[in-house]
Amino acid sequence: MSRDMTCEAARPQLEAYLDGELDRATVDELEAHLGTCATCRAELASLETLRGALRALPRHRAPADLRARLAADGELPVASAARAAPAATWWKLAAAVLLGVFVGVGLMSVGPLGAGRGVGHGASELVAMRSRDLLASHLRALAANSAIDVVSEDRHTVKPWFAGRIGESPPVVDPKAEDFPLLGGRIDYVGDQRTAVVVYGHRKHVIDVFMTPGAEAPDAAASQSQGYALTPCVLSGQSAWIVSDIDADSLRRFTGLLGCG
Amino acid sequence: MSPRGSTPVDAGLVRDLTLPHLDSAYNLARWLMGSPQDASDAVHTAFLRAARYVHTYAGGNARAWWLSIVRNCCLATLAARRPRDVSLDAMESDSAAALAATAPDEPEEKLHLAQSAALVMKHLEKLPPEFREVLVLREIEDASYREIGEILSVPIGTVMSRLSRARQMMRKALSAPPGVET
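Protein chains in written order, with the working numbering: chain A, 1 to 261; chain B, 1 to 182.
Only chain B is shown next, with the shape it has when bound in the complex (with noise of 0.2 Å):
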């Protein structure tokens, strides 16, 4: 609280370690945050928050440790947005029911190759956040499954599962018939 109990910040490490990565941090707050307004807050946040605990980063993947911070301050709005559905879990089994009722008598997938970009974006809006987030990593940043579990602080099964079930939800959405909401 005393001005004069501080130290300042390393600025030039700070931005250092999180500038060179803006257009992931970006990227990422703007599908997980939805509003270029909301990402840019959320990255905003972010960064003070990289400035205030830079001496936590211990070396090792930059990029990944400040995606963990940009992602910590995406989720914590996210939640604190809609303060009913905080529980990954529970979004995790409605997930699950969603996929469930969309599974039987499925016709055999056929992807409409044809899909615009924008309806492909519209379900992958409409992903629960912890699958939109794996394949925003892997399939537009390019992370490694190594990556994404640092970014996630998970073991590297889960990032595998999550993926997989990921794709699997937009592969049953893009196979529905056109009009048909899942």
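In isolation and in its complexed conformation, chain A is listed as follows (with noise of 0.2 Å):
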């Protein structure tokens, strides 16, 4: 290479240079060329500059809390000895997905939901309003690229991930059914309130069932929208509703292998 470095040249390297990932021989040409050439210089001027700025934001600490939690014992997972299983998981869990949007794509123009909130609603519009949101989560999720954050058949896995993301620790229980199998959890918006979700699968069907804890459910009727069935019951205390698209008497079989009240 010639020692006379272009512009053409020097330019391209100007990055490079400044992040030090240049090698020696290199370097010596661009500093000659620099030495010769104030647009080059401007631009690696205007490249400092900006450094200068970037580096002056600020570094976010991690918090002593999360930190803390991390930290702790009982926070990690059993490891799955069993290496099928995730794969098999990922795999229903995209046929699920893919169906959802499918059966989901004619559906989504339920409307803007959770709209005309306010005060003055008899109880019945509330429980019409929460099975509409209820039911918006459940599409919404369908349609989106996951419907499982934690993505787990291992209920021990499931249960510390939402420890800490939410007030209360839902109960995950598992169905021990293989055609009912865990396939994970989500933390979900029901309206505007943060609300843990165990899902389920079944068949080529997504279970969601909503952890809502002072919610109306246990005097609340079950009903049917579109084709899901909102179902209310009381898991280990809490009051949770049950979303899906599965017929009558599967339906009865889950809640019964649930051991829902």
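These aren't lab readings, by the way, just hints derived from the structure by calculation.
Just so you know, even glycine gets a beta-carbon here, dropped at the ideal spot from N, CA and C.
Incorrect hints may have been included.
[Claimed, not checked] Straight-line distance between alpha carbons at most 16 Å, and here's what the computed EDC-like set of lysine to aspartate or glutamate pairs gives:
{"#": "1", "chain 1": "A", "residue 1": "Lys204", "chain 2": "A", "residue 2": "Glu178"}
{"#": "2", "chain 1": "B", "residue 1": "Lys172", "chain 2": "A", "residue 2": "Glu178"}
{"#": "3", "chain 1": "A", "residue 1": "Lys176", "chain 2": "A", "residue 2": "Asp245"}
{"#": "4", "chain 1": "B", "residue 1": "Lys172", "chain 2": "B", "residue 2": "Glu125"}
{"#": "5", "chain 1": "A", "residue 1": "Lys204", "chain 2": "A", "residue 2": "Asp245"}
{"#": "6", "chain 1": "B", "residue 1": "Lys172", "chain 2": "A", "residue 2": "Asp247"}
[Claimed, not checked] If you want the ones that stay clear, here's a sample from chain B, every Cβ over 12 Å from chain A, calculated:
{"#": "7", "residue": "Ala46"}
{"#": "8", "residue": "Glu150"}
{"#": "9", "residue": "Ser153"}
{"#": "10", "residue": "Val159"}
[Stated by the list, open to error] Quick list of the computed label-pair ranges, beta carbon to beta carbon:
{"#": "11", "chain 1": "B", "residue 1": "Ser164", "chain 2": "A", "residue 2": "Gly35", "range": "17 to 25 Å"}
{"#": "12", "chain 1": "B", "residue 1": "Gln37", "chain 2": "A", "residue 2": "Thr36", "range": "50 to 58 Å"}
{"#": "13", "chain 1": "A", "residue 1": "Arg61", "chain 2": "B", "residue 2": "Ala11", "range": "17 to 25 Å"}
{"#": "14", "chain 1": "B", "residue 1": "Met121", "chain 2": "A", "residue 2": "Asp249", "range": "51 to 59 Å"}
{"#": "15", "chain 1": "A", "residue 1": "Ala68", "chain 2": "B", "residue 2": "Ser164", "range": "34 to 42 Å"}
Combine the two chains into a complex, taking the hints into account.
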């Protein structure tokens, strides 16, 4: 390479130079060029200015409670020895999501949900609103990339995942039935409420169990909306809603397996 | 599924690999996710994943291994949050269009040096995630091209071009007169 570097050759090297990623020989050539070229010096100065501005930004430090949480014993899941399991879960999940999107597309016209909320709603209206919010959350999750934030068939993984993310860690029940595998969990919004959702599968259907502490579930009636059943229940003393499009018989079996009150 | 088929993870190893770089992990997550709660959630998820997949760590740069898990957890959450624009390619072309739109008749580039850190922060937060993350890793975490390439699972050439475009976008944004949104 000649000692006289052109601007065309120098320009693309300026950032690597600034980042300390150039070899010695190229550094020498580039510096020789910079000594004679005001344009490239100005470009380098502009890059250095930006660097100064960016390096002045705060480096966010991990909060003490996060550090403590991760350092605590009991926070770690057990590693599954069966390596085939996660792959199977992904496959099932992918199939379920695909189907969900397919089914969901025609249903996404539910309209803006949770709109028009205000004071003076009657009890039945509140229940209707909640049903709408639950269904919206279910459909949103089906349409999204992933209906599940933590993918696991192991309730000992799912339960600690919720801890610290949400006030009350939900009961995670393993139905222990081949055709109702635990798929994982996510945090979702029902209306404006952060809610723990435990996700199960059944054939190619997804079953969402929304934990809704303090909600009116126990005395609310089951309802049906656009082919999706919304079923209130009590799980280990917490009120919950089950949302899915599985048939009534399977749903009865599922609630029985969960031990719903 | 069955507890008998499970073995306890090597908790010591997971913590040795992740906790020394917890600030890096949190900082990256904080810049990608935007809020402290979401950042903590993402790092927590990543930690559980790291524990689950600790057997995939094959030596080498532990920070890069751990940050790549953190990054993936962040991007998965972001993608789920905005199902309509999950495609990185789509985002790239949007950004390219935005760049092209601001490129013509831009006056001689002069950065408003006195700009407050708040403004710099605001523009960085507005960059698409794939450009924001390379700047955060390079300038705030002081990661090398090679390390960034490992974290993003892309070749070094891609790191360089993304970094270059990210810088170009930041310089354009910062050189726009105050009050003009790009």
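Which of the listed hints are not met by the structure?
-> 2, 3, 6, 7, 10
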